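Start from the sequences, fold in the hints, and give me the full structure.
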Amino acid sequence: MASQREKNIESAGAIRPPNRFVTFAFWLTIGFLYLPLAWLVVQAFLNDPANLASGFTLRWLEALFASDALWEPLMNSLIIGIAAATLATVVGTLGAVGFGPFSTFMPPGLHALIVLPIMIPEVITGLSLLLFFLLFQFELGMGTVILAHASFSASFVYFIMVEQLRKLDPNLGEAAYDLGARPGQIFWKVILPNIIPGIMGGWLLSFTISFDDFLISFFTSGAGLVTLPLKIYSLMRIGFSPELNAMSLVMVALSTGLVLLLWSREQSRKWVISGS
Amino acid sequence: MKVEVKRLVLRLRDWPPSAWIFFAWLVCLSLLPFLIIFAMSFAVRSPGGDIAWTFTLANYERAFHLVYLRVLTKTVFLSAGATLTCLLVGFPVAYYLARASHAQRQIGLILLFIPFWTNFILRIYGIVSIFGNHGLLNQLLMRWGLVDTPVEILYTRAGVYLGLVYNYLPFLVVPLFSALEKFDLSLREAAMDLGANRWQTFTRVLLPNVKEGVAVGSLFVFIPMMGEYVIPDLLGGAKEVFLGKVMVEQFFTMHDWPFGSALASILSLGLVLAVWLRMSLERTRSQTTSS
Numbered sequence: 001m002a003s004q005r006e007k008n009i010e011s012a013g014a015i016r017p018p019n020r021f022v023t024f025a026f027w028l029t030i031g032f033l034y035l036p037l038a039w040l041v042v043q044a045f046l047n048d049p050a051n052l053a054s055g056f057t058l059r060w061l062e063a064l065f066a067s068d069a070l071w072e073p074l075m076n077s078l079i080i081g082i083a084a085a086t087l088a089t090v091v092g093t094l095g096a097v098g099f100g101p102f103s104t105f106m107p108p109g110l111h112a113l114i115v116l117p118i119m120i121p122e123v124i125t126g127l128s129l130l131l132f133f134l135l136f137q138f139e140l141g142m143g144t145v146i147l148a149h150a151s152f153s154a155s156f157v158y159f160i161m162v163e164q165l166r167k168l169d170p171n172l173g174e175a176a177y178d179l180g181a182r183p184g185q186i187f188w189k190v191i192l193p194n195i196i197p198g199i200m201g202g203w204l205l206s207f208t209i210s211f212d213d214f215l216i217s218f219f220t221s222g223a224g225l226v227t228l229p230l231k232i233y234s235l236m237r238i239g240f241s242p243e244l245n246a247m248s249l250v251m252v253a254l255s256t257g258l259v260l261l262l263w264s265r266e267q268s269r270k271w272v273i274s275g276s
Numbered sequence: 277m278k279v280e281v282k283r284l285v286l287r288l289r290d291w292p293p294s295a296w297i298f299f300a301w302l303v304c305l306s307l308l309p310f311l312i313i314f315a316m317s318f319a320v321r322s323p324g325g326d327i328a329w330t331f332t333l334a335n336y337e338r339a340f341h342l343v344y345l346r347v348l349t350k351t352v353f354l355s356a357g358a359t360l361t362c363l364l365v366g367f368p369v370a371y372y373l374a375r376a377s378h379a380q381r382q383i384g385l386i387l388l389f390i391p392f393w394t395n396f397i398l399r400i401y402g403i404v405s406i407f408g409n410h411g412l413l414n415q416l417l418m419r420w421g422l423v424d425t426p427v428e429i430l431y432t433r434a435g436v437y438l439g440l441v442y443n444y445l446p447f448l449v450v451p452l453f454s455a456l457e458k459f460d461l462s463l464r465e466a467a468m469d470l471g472a473n474r475w476q477t478f479t480r481v482l483l484p485n486v487k488e489g490v491a492v493g494s495l496f497v498f499i500p501m502m503g504e505y506v507i508p509d510l511l512g513g514a515k516e517v518f519l520g521k522v523m524v525e526q527f528f529t530m531h532d533w534p535f536g537s538a539l540a541s542i543l544s545l546g547l548v549l550a551v552w553l554r555m556s557l558e559r560t561r562s563q564t565t566s567s
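Protein sequences appear in the order of chains A and B. Under my numbering, think of the first position of the first sequence as 1, with each following residue one higher. Under my numbering, think of the first position of the second sequence as 277, with each following residue one higher.
None of these hints come from the bench; they were simulated from the model. These numbers were taken from a predicted model, which means no experiment stands behind them. Here a beta-carbon is modelled for each residue, glycine too, at the ideal position from N, C-alpha and C.
Below, simulated DSSO-like cross-link-like pairs (lysine-lysine); rule was C-alpha separation at most 27 angstroms, straight line:
#1 B:LYS458 to A:LYS167
#2 B:LYS487 to A:LYS270
#3 B:LYS458 to A:LYS270
Chain A stretches covered by chain B per the calculated footprint, using a threshold of three residues with CB under 8 angstroms from any CB of chain B:
#4 32 to 39
#5 240 to 252
Take a look at the structure:
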């Protein structure tokens, strides 16, 4: 029903494409959104970042790659991202396997609980997790940041996996059983290969969220732990430097690569638009 | 069959272990922290700096004192202005996407969202490097001889406003887009056939049909905006007050967690209201379509 209606609208749209004013407004907005990031990229290559006419150079990037300023935060971000994404994927997938078959009959309260981490503004998530960690005397550091990132990414994974499991033929397990497969074999050889795309999509989404996150890391990391976004923030507080520009370039490149990767996967594509 | 399944999920002892693990995870790491904040908002900070777990409404009372009311009104005005701007800018963007061909739409949506998956701090830094005193804009203005001293855009209220609009625009385009996408284009044609001009068609046919979706979408942008901490902190300068900034400062600078928690609870309550509005809107919509 709904899809038919969508088709109608789509064909109507194709017959009468958006007019010139709307098209112009769209591209102008896109230009406005990209200008700051594009300028950051350009700046990283300028001899004098404050002077457009000073000529291009690679020396800032070379200096950055040679210094520790990049590598330690980058390693921390990678470790946190990988650990948080793995944890979130395991928990979210377990949730989808457990609740998935009932997801359409779920009581509203339970549904709200699963959506809660996605809905709450980041500031409140960060502050509430900080209070939680402090009250229960967790030592702030890499462990708490990983838990914090995984805590809300698990819900994203859950929704991706519910969708993935729905596509699974319910007779698949039964067929394998009839053909003599043991329960372990059914899972590892029949079910798992079929849900791997969802698992990878969910993992990648969680990793990207963790890698780009600033606010929650800022609240839950305590003193001493520096991730890439935290490093950029502290450099920015000190003032502008060629080092900061070069690091921005690295970060823009990594993030853009991750989004495009997410977008290229059917399972995580939808969340690129509505999530973050 | 369906009834059977329904009964199954309602009976707790039938939940598989995997469901329990996920449930426990959600309760521990998202519900419990949230409840802690809520409980903390009724506590007080004793003179020694410890938290005294009492039940008092003093923190809420304090949130409505004149000083904080001023913060609140400033925040509401600034956020409402930014939301309105997002609506005005976002509407043609969403309209373009709703009318575009499938391929154009896919490319348009990903283009719109790539910047928002780059790190938040970088976007702020990008804005500073364009609009700051030594930014690209001022460089060009001075080179062309239009101004002698840099125009101060950032570290004022305008800076916060700019940052809010820049960071929230796509999140308003999405609900606008989905409302416009559901709008039946034949209605527009019917209105035109019946002699309505473009403006009349827009205000009397299109807007009434999308207004609810737009209103709720705006609320979902407006409320998180009020909780923003980094944008007013980095783009607004020291003098600009903002609800989110005041809230975070209660935790980190003033060490008055109970009062900070009260502010956070008020903000969350606003969001719960928005969720409830959207859910009841969806319910009425599904009822009207099914009957």
